[in-house]
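The task is simple: from the sequences and hints, build the whole structure.
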Amino acid sequence: MQDAKQVTLPLNPTETFSFDNFYFGPQREAEQAITRFSHADGVAYLYLCAPAGEGKSHLLMAAMHAAKKSGKHAAYFPLDVLVKTTSPAILDGIEQADLVCLDALDAIAGQLEWEEAIFHCFNRLQQAGTSLLVAASALPSELGLSLADLRSRLDTGTLYQLMPLQDSDKQQALMKQAAYRGLILPAEVAHYLLRHYGRDMASLMGVLQDLDKASLAAQRRLTIPFVKQTIH
Amino acid sequence: MSAPLWEKCLSHLETELSAQDLNTWLRPLQAVETPTSLRLMAPNAYVQAWVAEQLSPKIDELMSALSKGKINQVNISVGHDKPVETQAETKAIASTSAAPPAAGAPLNPSQTFDSFIEGKSNQIAHAASRYVAENLGISGYNPLFIYGATGLGKTHLMLAVGNHIKQQTPDARVLYLSSERFVQDFVTAVRNGKMETFQAHYRSADALLIDDIQFFAKKEKSQEEFFHTFNSLLEGQRQIIMTCDRFPKEVTELDARLQSRLGWGLTVAVEPPELETRVAILIKKAQQQECVLPDDVAFFIAKRIRSNVRELEGALQRVLAHHRFTHEDFSIDMAQTALKDLIALHQKLVTLESIQKTVAEYFKIRLSDLLSKKRTRSIARPRQVAMALAKELTHHSLPEIGDAFGGRDHTTVIHACRKIAELKETDSRIAEDYTNISRTLSS
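Sequences listed follow chains A and B, in order.
Residues 106 to 337 in the working numbering are what the first sequence lists, from first letter to last.
Residues 401 to 843 in the working numbering are what the second sequence lists, from first letter to last.
Keep in mind the hints are simulated off the structure, nothing from the lab.
C-beta: ideal position from N, C-alpha, C; glycine also.
Each hint should be verified, as a subset may be incorrect.
Each pair of labels, with its calculated beta carbon distance range [what the hints assert, rightly or not]: (1) A:K174 to B:I538: 53 to 59 Å; (2) A:P269 to B:T737: 54 to 60 Å; (3) A:D185 to B:E728: 35 to 41 Å; (4) A:K177 to B:S660: 47 to 53 Å.
Listed next, the in silico DSSO-like pairs over lysine-lysine satisfying Cα-Cα at most 27 Å (straight line) [to be verified]: (5) B:K773 to B:K791; (6) A:K318 to B:K408; (7) B:K824 to B:K520; (8) B:K408 to A:K177; (9) B:K566 to B:K458; (10) A:K189 to B:K618; (11) B:K740 to B:K684; (12) B:K774 to B:K791; (13) B:K458 to A:K189; (14) A:K318 to A:K333; (15) A:K177 to B:K458; (16) B:K458 to A:K174; (17) B:K566 to A:K189; (18) B:K408 to A:K174; (19) B:K685 to B:K764; (20) B:K458 to A:K173; (21) B:K408 to A:K173; (22) B:K685 to B:K703.
Quick look at the structure:
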């Protein structure tokens with residue numbers, strides 16, 4: 106007889122990336138600047154800088170989602186993926202959007218063709234009055250960009266550095282994300298995850314996603330034994 | 401623009417595509433929906449081809465189902481329906497790939513001579529630009545070539561000329577564009593067989609303002625066309641203004657004839673602003689955003705951000721945002737809190753080692769010589785420059801600086817600093833070297 110596991114429905118991916126399920130911790134000013142940004146009108150440019158795994162992509166896609174909800178036209182460019190698979194021509198004409206999000210800007214450092222394309226794109230966005238949200242792992246001058254013109258333009262933005270969360274904040278972030286998914290993640294289980302499955306948010310969110318699917322399929326609550334049984 | 405069926409179609413596709421793919425390839429599409437048709441407009445041919453190749457059958461199928469058979473084929477083309485707006489809300493005609501060249505980019509009306517902060521670093525460029533603006537076609541400074549590092553106000557000056565001309569002669573045809581735009585228009589004109597329209601458009605300008613001409617490098621055909629445009633305008637006594645990140649002769653990979661003609665008129669440099677100018681820029685930019693920035697706070701920021709005006713602007717934006725979100729009054733403490741990331745970066749970057757390395761590389765001497773006991777002029781002078789920079793850009797004590805330069809006494813450092821301060825006033829080469837190295841270290 107076949108296993109009577111329930112097949113999970115595909116989740117709506119854009120729902121996963123929202124400001125509501127992002128935990129900023131004590132960074133109130135960054136939170137206000139970023140969440141207001143996608144609603145603001147007029148020329149605006151925000152530069153987010155944080156190490157990998159601190160939620161930059163999440164925030165950019167959440168900004169896309171918020172822009173869409175307020176009837177704006179937005180475009181998202183994960184440059185780490187695009188430099189390997191496409192041509193800089195993908196950026197032509199994107200100034201027609203209301204909001205452009207450039208993720209993982211680090212990936213274009215040293216690739217002159219891409220650097221030039223982003224430079225020209227930046228100028229066109231400014232002329233068209235399109236908002237720009239950029240994310241990178243370091244400040245513009247630390248990215249190793251070859252094109253000084255691009256570096257200096259990137260400097261004009263309002264810059265926010267997202268600081269890594271403390272462990273207690275990470276626990277809160279996990280519980281908030283779980284609640285958003287309709288899961289109850291008890292504090293002791295969140296604490297257990299932090300102690301046993303890596304302390305960077307990207308890994309922890311991956312673990313939570315796996316647990317979400319497993320708990321739905323098994324119709325089980327999230328308990329430490331269930332976590333032990335599910336995640337190896 | 402409402403496209404309810406397309407939104408439903410996207411919701412279905414969301415379950416099949418990653419959020420990244422959806423946001424990169426499908427969200428940028430603009431949809432024009434009628435009860436029997438759907439037209440998707442991609443920002444460029446690249447996105448159009450990708451969507452047509454990867455998703456067209458799926459989109460057709462979904463739209464047919466969602467429209468109950470009324471929409472059987474979706475048209476995917478390149479285009480948009482959003483008019484380009486500038487900060488001045490100047491509307492340009494929505495362009496399509498087959499359209500004739502656009503009228504250049506609209507001039508940003510805030511970039512005027514009044515909003516430009518004049519200082520020692522840009523005095524000549526400012527005066528020359530003003531003269532050209534007030535004597536259109538008869539200034540004798542044609543072309544006016546403004547060069548300097550990025551973020552120092554070259555474009556501002558060029559646009560100030562354009563705005564002044566428009567103000568004095570509203571009918572004047574002032575074309576402002578980047579060299580990239582010229583190349584794009586040229587390519588489009590060749591592709592669509594509209595070279596005559598292109599030539600007539602550019603050659604009939606009363607003033608042609610071209611930004612960042614270094615990007616003409618390697619684009620031979622565009623250079624040739626620009627060369628003809630250039631000659632035609634010059635013959636007709638129409639003004640040409642160009643900006644570039646370097647001196648005309650240093651723009652390599654430009655046609656020799658074009659390169660030589662760039663220097664026919666007047667070539668002026670824009671240097672990095674000195675402290676007082678940086679302070680004035682900050683205060684003025686804050687005023688433009690209806691904020692009164694106290695002098696001591698402006699000094700605090702300007703002392704720490706030295707490389708260019710854009711970085712200064714970024715720092716100011718951060719301080720203004722902090723003020724807006726926290727309602728905290730402007731003070732040095734407040735600015736320090738708001739800028740802690742940036743300041744930390746600068747303090748981290750400029751070290752005694754980085755100064756020594758940069759100075760040695762700049763003067764093409766060995767690092768070991770810089771730190772040695774050698775006292776020949778070719779070694780001693782760079783060493784003095786490095787010591788003066790160390791005093792200005794780091795928080796190390798004079799004994800520490802002396803120690804880092806081969807165990808020298810702190811009085812040697814004092815002497816070096818005095819000597820360099822004196823030479824900066826009397827020897828323009830030393831002054832330029834000092835500024836260049838300082839900029840390299842701070843950028």
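Hints, one by one, checked against the model:
1. A:K174 to B:I538: 53 to 59 Å: 56 Å, holds
2. A:P269 to B:T737: 54 to 60 Å: 19 Å, violated
3. A:D185 to B:E728: 35 to 41 Å: Since the Cβ atoms of D185 (chain A) and E728 (chain B) sit about 37 Å apart, the hinted range of 35 to 41 Å holds.
4. A:K177 to B:S660: 47 to 53 Å: 49 Å, holds
5. B:K773 to B:K791: 20 Å, holds
6. A:K318 to B:K408: 25 Å, holds
7. B:K824 to B:K520: Measuring from Cα to Cα gives roughly 14 Å; hence the hint holds.
8. B:K408 to A:K177: It holds: about 17 Å lies between the C-alpha atoms, which stays within 27 Å.
9. B:K566 to B:K458: Between K566 (chain B) and K458 (chain B) the Cα gap is close to 52 Å, so the pair fails against 27 Å, i.e. violated.
10. A:K189 to B:K618: Holds, at about 24 Å.
11. B:K740 to B:K684: Distance ~23 Å between K740 (chain B) and K684 (chain B) Cα, so the pair holds.
12. B:K774 to B:K791: Holds, because 21 Å separates the two Cα atoms, which is no more than 27 Å.
13. B:K458 to A:K189: At roughly 25 Å apart (the allowed maximum being 27 Å), K189 (chain A) and K458 (chain B) satisfy the hint.
14. A:K318 to A:K333: 15 Å, holds
15. A:K177 to B:K458: 25 Å, holds
16. B:K458 to A:K174: 25 Å, holds
17. B:K566 to A:K189: 46 Å, violated
18. B:K408 to A:K174: Roughly 14 Å between the alpha carbons, so the hint for K408 (chain B) and K174 (chain A) holds.
19. B:K685 to B:K764: Since the Cα atoms of K685 (chain B) and K764 (chain B) sit roughly 39 Å apart, the hinted pair is violated (cutoff 27 Å).
20. B:K458 to A:K173: Status holds; Cα separation ~23 Å.
21. B:K408 to A:K173: Holds - the C-alpha atoms of K173 (chain A) and K408 (chain B) are around 14 Å apart, at most 27 Å.
22. B:K685 to B:K703: Between K685 (chain B) and K703 (chain B) the Cα gap is close to 17 Å, so the pair holds against 27 Å.
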